[in-house]
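Asks: Okay, here's what each chain looks like letter by letter:
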Amino acid sequence: MANIAAQRIKREFKEVIKSEEVAKCAIKLELVNDSFTELKGEIAGPPDTPYEGGNFVLEIKVPETYPFNPPKVRFVTKIWHPNISSVTGAICLDILKDQWAAAMTLRTVLLSLQALLSAAEPDDPQDAVVAKQYKENLEMFESTARHWTNIYAGGPDLNKDFNDKIRKLVEMGVEEHQARVALSSYNWDLERATEQLFS
Amino acid sequence: MGNCLKRSTTDDISLLRGSDSVRESSSDQLGQPYQEPIPAEDVSPVYYPSPSVSRSVVQLTEEEQVKIAKRIGLIQNLPIGTYDGCKKERECVICMVEFLVGDTVRCLPCMHTYHMKCIDGWLMRSLTCPSCLEPVDAALLTSYETT
Numbered sequence: 001m002a003n004i005a006a007q008r009i010k011r012e013f014k015e016v017i018k019s020e021e022v023a024k025c026a027i028k029l030e031l032v033n034d035s036f037t038e039l040k041g042e043i044a045g046p047p048d049t050p051y052e053g054g055n056f057v058l059e060i061k062v063p064e065t066y067p068f069n070p071p072k073v074r075f076v077t078k079i080w081h082p083n084i085s086s087v088t089g090a091i092c093l094d095i096l097k098d099q100w101a102a103a104m105t106l107r108t109v110l111l112s113l114q115a116l117l118s119a120a121e122p123d124d125p126q127d128a129v130v131a132k133q134y135k136e137n138l139e140m141f142e143s144t145a146r147h148w149t150n151i152y153a154g155g156p157d158l159n160k161d162f163n164d165k166i167r168k169l170v171e172m173g174v175e176e177h178q179a180r181v182a183l184s185s186y187n188w189d190l191e192r193a194t195e196q197l198f199s
Numbered sequence: 001m002g003n004c005l006k007r008s009t010t011d012d013i014s015l016l017r018g019s020d021s022v023r024e025s026s027s028d029q030l031g032q033p034y035q036e037p038i039p040a041e042d043v044s045p046v047y048y049p050s051p052s053v054s055r056s057v058v059q060l061t062e063e064e065q066v067k068i069a070k071r072i073g074l075i076q077n078l079p080i081g082t083y084d085g086c087k088k089e090r091e092c093v094i095c096m097v098e099f100l101v102g103d104t105v106r107c108l109p110c111m112h113t114y115h116m117k118c119i120d121g122w123l124m125r126s127l128t129c130p131s132c133l134e135p136v137d138a139a140l141l142t143s144y145e146t147t
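Line order of the protein sequences matches chains D and G. So in the working numbering, spot 28 of the first sequence is number 28, and the numbers just go up one at a time. So in the working numbering, spot 2 of the second sequence is number 2, and the numbers just go up one at a time.
Derived from the structure by calculation, the hints contain no laboratory data. Any given hint could be a false lead.
To be verified - Some chain D residues close to chain G (C-beta under 8 angstroms, calculated; not the full set):
(1) 4
(2) 7
(3) 11
(4) 13
(5) 69
(6) 98
(7) 102
As the list claims (entries may be wrong) - Chain D is nowhere near these chain G residues, computed Cβ spacing over 10 angstroms in every case:
(8) 49
(9) 60
(10) 67
(11) 74
(12) 76
(13) 86
(14) 137
Just so it is clear, CB atoms sit at the ideal spot from N, CA and C, and this is done for glycine as well.
Kindly produce the complete structure, drawing on both the sequences and the hints.
Replies: Set out below in structure tokens:
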């Protein structure tokens with residue numbers, strides 16, 4: 001890895017560790033290897049959002065050309081959000097693409113991602129199904145996102161109705177996550193989800 | 001039109017690095033402790049028509065060659081100085097290392113200052129200030145107009 005990249009990550013790592021956000025447990029950063037090319041990030045779901053109470057793990061890969069190019073970041077924790085792929089965790093955020101600037105840091109990236117959880121941009125979607133639901137049925141989107149937060153990110157709100165529907169599909173031999181995706185995509189309409197799964 | 005960047009590679013690079021490059025290349029084999037490994041650019045120059053696109057010189061389209069040539073010209077017009085310890089910025093935000101007295105620094109029209117080596121690497125990808133995102137070319141043009 002280029003000298004400047006490793007050196008910067010080392011300094012940034014120290015900076016994040018000392019930051020007040022870490023003290024407040026809002027963000028977390030860990031090294032994955034000794035060469036500073038890969039890190040594990042963690043952000044807390046912001047209050048008053050469907051992600052509240054959840055902890056979201058991020059995979060951060062630092063390119064050799066860092067900080068001239070942005071880090072490659074994706075969600076490891078499954079999440080229901082218009083700008084994050086529910087399948088791969090890929091993120092659509094301008095600063096991770098063409099709006100990156102060399103003065104930005106891993107700390108600002110983590111805080112920007114946290115801000116993205118508070119303010120989705122459904123007109124610039126990464127996950128078209130989620131974005132459509134967000135625009136057409138916000139309430140449905142919020143309860144679905146809250147359910148995913150509960151299941152995958154350790155969030156507090158258990159949704160009995162959703163769980164029952166998933167269990168019905170599981171009893172029919174559908175894998176649990178697949179059942180959740182189908183139901184989430186069809187606004188928890190059991191009939192339509194079943195149709196899609198068995199067609 | 002031929003490839004204008006191909007032949008003048010050595011010039012472009014040495015101009016971007018200031019007078020240091022002459023010393024660097026001549027003392028290269030002595031293996032001095034502070035010597036940097038020769039960047040790949042010296043062997044086969046790589047340019048960045050846009051921040052995430054890197055191409056070797058032979059792959060550049062004519063349009064990209066013109067764009068990069070203009071960019072190099074513009075960067076060369078930005079003032080270079082020596083850090084004297086009294087600027088308000090203490091650290092180069094690109095490499096996050098504190099400025100040392102005697103460091104070669106470049107000052108952008110928005111007055112943000114960086115190590116020359118650091119900011120040139122950025123400007124070759126994007127003509128904006130990494131701190132305030134002000135477009136460097138627009139700011140330069142305005143400063144030309146007012147003087």
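Asks: Next, verify each hint and record whether it holds.
Replies: Verification of the supplied hints:
1. 4: 5 angstroms, holds
2. 7: Cβ of residue 7(D) sits 6 angstroms from chain G, so the hint holds.
3. 11: 4 angstroms, holds
4. 13: The hint is violated - residue 13(D) has no Cβ within 8 angstroms of chain G, the shortest such distance being about 11 angstroms.
5. 69: With a closest approach of 6 angstroms, the residue 69(D) hint holds.
6. 98: Since chain G brings a Cβ to about 7 angstroms from residue 98(D), closer than 8 angstroms, the hint holds.
7. 102: Given a least distance of 4 angstroms, the restraint on residue 102(D) holds.
8. 49: 13 angstroms, holds
9. 60: Its Cβ never comes within 10 angstroms of chain D, the nearest being 18 angstroms, so this holds.
10. 67: Non-interface label on residue 67(G) holds, nearest chain D Cβ at 16 angstroms vs cutoff 10 angstroms.
11. 74: Residue 74(G) clear of chain D: closest Cβ-Cβ about 18 angstroms, beyond 10 angstroms.
12. 76: 19 angstroms, holds
13. 86: 22 angstroms, holds
14. 137: 16 angstroms, holds
Of the numbered hints listed earlier, the single one contradicted by the structure is hint 4.
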